[in-house]
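Novice: Sequence:
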Amino acid sequence: MKAGEIQLHLQDKEAAEKCSKDIGITLETVYATMKNELKDADEKLKCFAACVFKEKEMLKDDGPINVAKAIEDLPDEIKDDVRDAMIKTIEKCSQKSKAVVMNINDTVMLEKIENL
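The sequence shown runs 1 to 116 under UniProt numbering.
Heads up, none of these hints are tricks.
Below, a list of computed lysine-lysine pairs in the DSS-like style, where the Cα atoms sit at most 25 Å apart:
no. : residue 1 : residue 2
1   : 44        : 18
2   : 46        : 56
3   : 56        : 69
4   : 60        : 21
5   : 44        : 60
6   : 69        : 79
7   : 54        : 92
8   : 13        : 60
9   : 13        : 69
10  : 46        : 13
11  : 79        : 56
12  : 92        : 79
13  : 88        : 46
14  : 92        : 60
15  : 44        : 13
Label pairs and their in silico Cβ distance ranges:
no. : residue 1 : residue 2 : range
16  : 26        : 80        : 31 to 37 Å
17  : 44        : 81        : 32 to 38 Å
18  : 21        : 81        : 32 to 38 Å
19  : 13        : 78        : 17 to 23 Å
20  : 76        : 43        : 28 to 34 Å
21  : 79        : 43        : 29 to 35 Å
22  : 14        : 78        : 16 to 22 Å
23  : 28        : 64        : 26 to 32 Å
Hints were generated in silico from the structure; no laboratory data involved. Note that CB positions come from ideal geometry on N, CA and C, so glycine has one too.
Using the sequences and the hints, build the whole thing.
Specialist: Below, the structure written as structure tokens:
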């Protein structure tokens with residue numbers, strides 16, 4: 001793995017590979033954009049993120065976040081204070097329509113996805 005590349009757990013990697021094929025986006029593009037904290041995210045990347053979260057059952061088909069699954073899926077190595085902040089953010093965002101929560105370098109980024 002190259003320095004700075006985002007690490008994925010095995011189940012995340014399987015979902016990422018499936019979704020990259022389904023959406024038609026390379027994982028290299030995903031990693032490069034995520035390193036940039038999604039500042040250059042396009043519609044394909046947003047669809048990719050939604051696909052991965054649906055594959056992992058963290059995003060329900062009708063849009064809302066599966067709060068219990070999203071919290072359960074947080075990596076164990078996250079610091080407690082960061083974990084607590086992420087849980088609060090997940091719970092807050094579950095109130096919003098079609099919100100996707102992403103963990104990038106111990107920060108939480110939110111992106112509202114329209115028309116999935």
